[in-house]
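Enquirer: Sequence:
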Amino acid sequence: MLEAFDLAGRIPKGQYSSIVEPLEARTAELQREVRKRGKSVIIVMEGWRGSGITRIINLLQPVLDPRGTRIHPIAEPNDIERDHDMFWRFWSRLPSYGQTAIFDRSWYTSTIVERYESDRMDEIPGSCIEDINNFEAQIISDGNLILKFFLHISKEEQKRRLNVIKDSPFTMQARYLRRKEGIYVLNRDFFMIDRMLMKTDMPASPWTIVEAESMKYGYVRVLQTFNSAVECWLTEKEGGKKELGQTYLIKTMAETEESSILKKTDLTKSYTRPEYKPILQNLQEELRNLQVEIYNHKIPVAIVFEGWDAAGKGGCIIRLAESFNPRGYIVEPIGPPNDWEKMHHYLWRFYTRFPRKGHITIFDRSWYGRVLVERVEGFCSESEWQRAYHEINVMEDELTREGTILIKFWLHIDKDEQLRRFEERQNTPEKNWKITEEDWRNREKWDQYERAVNAMIRRTTTIQAPWTIIPANNKYYARIAVLETVRSAMQKRLKEMK
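75 is the number of the first residue of the sequence shown in our numbering; add one for each residue after it.
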């Protein structure tokens, strides 16, 4: 991919201003139009060490409106970032709708620096390439544009530039790139980087190789590519053409009554209160000790609660939380997204809440709202909720491969038990706050929600992130089943680490 490029390109003498000024004016105009349309542009700047990434960004910076632009220099991760999956810090930096983000180095550099144990690298594993392509596909599927630039120079030019900049005071990023005896060095890493570029050169997020021996020539290439890509992107959206992200759409499986998973649940399981109390106390004591081991082994734990209204999620969460030291866990109640969260990809607000290493996050409702309430109530399009199954599986696969214990509960009750609990709440003053008109409206759509739940469980149950359906007609049984499942998951992981 890189060998085919002629690095001799130069701007004819005396013509630079007449070429670059109209290009810059058009770039500024297009950025305003992107902001007006409420979508985002992500610019990725990669290249050989000394290829001039900072200089190109410095030239581009005054052209773009600073109120709508953020520049993210990627260097050594901080302590909080180290406690999360590698992509966490990039999710947290994604621009809100209407904004432009420029990444000075990106997930490509982080993949090479952070995901390798050996100092000598010949090939990037397929799993890393897949993670990158999936990450970009999720961004694009939300209607955003990714522009990826790789600044290319010759071996001789790199050697000359590195001698000039070796004493630069801005060494933070340079130290990061030297962690593996230096990366992006032409005479050693050429073929590895070339293969990485080829394998991530996707139709929806292609690479632009920028001939950067001449900074003026390279800058013009960046402007030309930005303008051409954004114009094409805006025209496609205006004309109602299929968005690039739609290529990742998953076809819906049949959702028949006969295939119902929920109807197979035995809801007669129960404990009496005298049986329940000693079992609960023993489980909570075990979980208290397991939390210490989880913390010492730096294992993140994410526990997801979904279920019918009045199924008892709150009671289960309270008993689970009572088991833990409050310094090591947090409960995240998930409601409708606020205005700021609506300005991002729907998964963004969950990525920013994922647990640090050694910590536990309990989600009271979760990202599954996309394929439940948003699907049934029409808050998103059919293509969006169908695509979400794949997006969620990708996210959870990434989480679990990076070491997170992910436990997912669906608390199941029957329709009669829900009615009994609704009426009890309505007729009991101290419980009246628990019931709303929305609960009654949701109940009228029971069959629609049941189909959505069956599809969700079927399509997002994986080996590493299975659903556990909790029979919850008896609240004592449900609480014990939840605590036992969490205990087993923690014990299993700790045993695997010995």
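The set of hints was computed from the structure by calculation and includes no laboratory data.
Bear in mind that the values here come from a model prediction, so they are computed numbers and not experimental data.
Among the hints, a few may not be true.
[Unchecked claim] Pair by pair, the computed Cβ-Cβ distance ranges are:
1. P147 - L493: 29 to 35 Å
2. P199 - G88: 47 to 53 Å
3. E95 - T510: 57 to 63 Å
4. P280 - G389: 49 to 55 Å
5. R144 - N370: 36 to 42 Å
6. N370 - T309: 54 to 60 Å
7. P280 - G88: 31 to 37 Å
8. K338 - S166: 24 to 30 Å
9. P140 - A395: 42 to 48 Å
10. D268 - R144: 27 to 33 Å
[Said to hold, decoys possible] Simulated crosslink set (BS3-like; lysine-lysine; CA at most 30 Å straight-line):
11. K343 - K233
12. K113 - K273
13. K113 - K338
For each residue, glycine too, the CB sits at the ideal point set by N, CA and C.
Enquirer: Looking only at beta-carbon atoms, does the pair P199, G88 fall within the given range of 47 to 53 Å?
Expert: Check passed, 49 Å falls within 47 to 53 Å.
Enquirer: Is the gap between the beta carbons of N370 and T309 within 54 to 60 Å?
Expert: holds, 56 Å
Enquirer: Can you tell me whether the CB distance of P280 to G389 sits inside 49 to 55 Å?
Expert: About 52 Å separates the Cβ atoms of P280 and G389, which means 49 to 55 Å holds.
Enquirer: Should the hint that P280 and G88 are 31 to 37 Å apart at their CB atoms be regarded as holding?
Expert: Holds, since P280 and G88 (Cβ atoms, about 33 Å apart) stay within the stated range.
Enquirer: Can you let me know if the beta-carbon spacing of E95 and T510 is within 57 to 63 Å?
Expert: holds, 59 Å
Enquirer: In this structure, is the beta-carbon distance linking D268 and R144 contained in 27 to 33 Å?
Expert: Cβ of D268 to Cβ of R144: about 30 Å, so the range 27 to 33 Å holds.
Enquirer: Range first: 24 to 30 Å. Now tell me if the beta carbons of K338 and S166 are that far apart.
Expert: Since the Cβ atoms of K338 and S166 sit about 40 Å apart, the hinted range of 24 to 30 Å is violated.
Enquirer: Given a hint of 36 to 42 Å, does the C-beta separation of R144 and N370 actually sit inside it?
Expert: For R144 and N370 the Cβ distance comes to about 37 Å; the hint holds.
Enquirer: Does K233 lie within 30 Å of K343 when you go C-alpha to C-alpha?
Expert: violated, 72 Å
Enquirer: P140 and A395, beta-carbon distance inside 42 to 48 Å?
Expert: holds, 44 Å
Enquirer: Verify the CB-CB distance for P147 and L493 against the hinted window 29 to 35 Å.
Expert: Once the Cβ atoms are compared, 57 Å apart, the range 29 to 35 Å for L493 and P147 is violated.
Enquirer: Checking one constraint from the list: CA of K113 to CA of K273, max 30 Å. Satisfied?
Expert: holds, 27 Å
This entry does not satisfy hints 1, 8, 11 and 13, going by the numbered hints stated previously.
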